Amino acid sequence: AQRVTQPEKLLSVFKGAPVELKCNYSYSGSPELFWYVQYSRQRLQLLLRHISRESIKGFTADLNKGETSFHLKKPFAQEEDSAMYYCALGETSGSRLTFGEGTQLTVNP
Amino acid sequence: DAGVIQSPRHEVTEMGQEVTLRCKPISGHNSLFWYRQTMMRGLELLIYFNNNVPIDDSGMPEDRFSAKMPNASFSTLKIQPSEPRDSAVYFCASSIRGRGANVLTFGAGSRLTVL
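So the sequence lines, in the order shown, correspond to chains A and B.
Under this note's numbering, think of the first position of the first sequence as 37, with each following residue one higher.
Under this note's numbering, think of the first position of the second sequence as 892, with each following residue one higher.
Chain B on its own, in the form it takes in the complex:
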């Protein structure tokens, strides 16, 4: 397995543009997480899915952020419109849900720069 695959690895865009980040979890994993990493706040959980269903999106900063998981092998995180303060590294991670199985496998991350 190639692990968790994220694209794009780097994205530079201008304020106001739409940004779509993509994630392919590990086959057989039924939980998927989107995290945002910044120097000031570390790793923040934005949203997570169990069996393709969003369970907790309380970490999503505001309505400009949305996430979908149409099937077990694909998820997107969309920012529309983007703002400079959204600049960060966005990580996707997957795991097998269950007690004692909180071991996440992370993707390489998508570094977003909004000018």
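Excised from the complex, chain A in its bound form:
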């Protein structure tokens, strides 16, 4: 069965510091990995997906199949990055997404 693990429920950094939100997964097929973000009082929304291989709001994430990881990184955190971040795994057959437990990121001034 597919599983997504985010080991940190809470992560706090200072503005300008690098940030890494960890995500590990287990899945027997070919995974699609995503990061979703929920800013305060806003809807959960897609941040980025591994197949796009793009940087969104300065964030990047690389799929490491050997380590079954999809960590989210940003070299210089900003206060507006404070939010709840969810890593998600999509099945090969499409449709269904399995989410991790989420990491609440706080960027302090």
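Among the clues, some could well be false.
[Unchecked claim] Taking beta-carbon pairs under 7 Å as the criterion, some of the chain B residues facing chain A (in silico):
no.: 1; residue: Gly933
no.: 2; residue: Leu934
no.: 3; residue: Asn993
no.: 4; residue: Val994
no.: 5; residue: Phe997
no.: 6; residue: Ala999
[Unchecked claim] Computed Cβ-Cβ distance ranges for the label pairs, DEER-style:
no.: 7; chain 1: B; residue 1: Gln908; chain 2: A; residue 2: Pro111; range: 25 to 35 Å
no.: 8; chain 1: B; residue 1: Gln971; chain 2: A; residue 2: Thr104; range: 32 to 42 Å
no.: 9; chain 1: A; residue 1: Gly52; chain 2: B; residue 2: Glu953; range: 41 to 51 Å
no.: 10; chain 1: B; residue 1: Gln971; chain 2: A; residue 2: Gly94; range: 24 to 34 Å
To be clear, the hints were calculated from the coordinates, so they are not data collected in a lab.
Predicted model only: the values in this text are computed from it and were never measured.
Cβ coordinates follow ideal geometry from the N, Cα and C atoms, glycine included.
Take the given structure of chain A and dock chain B to it, following the hints.
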């Protein structure tokens, strides 16, 4: 398009009462999902539909929970009878089914408090 629309936004009820949450997906989306969000367990998939047909309801906690999708533009999640441990935010999301299309659009959520 107004996006995924959920109602009510907030619901406070007493234990034992019936609760009905509603969702209108994005027009043209053929997959619909119900998730429950809690601090302890994060986002849990309760049930999802493809083309109005329930595909996987293994995440539904117990028989007190039921979900329907009578047509492509409407779904309900019902809890009867409700219990305090059902208190959570319930999200509805929709997408277009298919490989490489696991991008979900979420509603604003329904915050349920059972006293």
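Results of checking the hints against the structure:
1. Interface restraint check for Gly933 of chain B: the shortest CB-CB distance to chain A comes to about 4 Å, inside 7 Å, so the restraint holds.
2. The closest approach between the C-beta of Leu934 of chain B and any C-beta of chain A is roughly 4 Å, which is under the 7 Å cut-off, so the hint is satisfied.
3. Given the 7 Å rule on beta carbons, the hint for Asn993 of chain B holds: about 3 Å separates it from the nearest Cβ of chain A.
4. For the restraint placing Val994 of chain B at the interface with chain A, the shortest Cβ-Cβ distance is roughly 6 Å, inside the 7 Å limit, so the hint holds.
5. Evaluation of the Phe997 of chain B hint against chain A yields a held restraint, the C-beta minimum of about 4 Å falling below 7 Å.
6. Hint status for Ala999 of chain B relative to chain A: holds, with the closest Cβ pair at about 5 Å, below 7 Å.
7. In this structure, Gln908 of chain B and Pro111 of chain A break the distance hint of 25 to 35 Å, their C-beta atoms being roughly 50 Å apart.
8. At roughly 40 Å, the beta carbons of Gln971 of chain B and Thr104 of chain A sit within the given window of 32 to 42 Å.
9. Gly52 of chain A and Glu953 of chain B have their C-beta atoms about 48 Å apart, which keeps the hinted 41 to 51 Å range intact.
10. The hinted window of 24 to 34 Å between Gln971 of chain B and Gly94 of chain A is violated, with their beta carbons roughly 46 Å apart.
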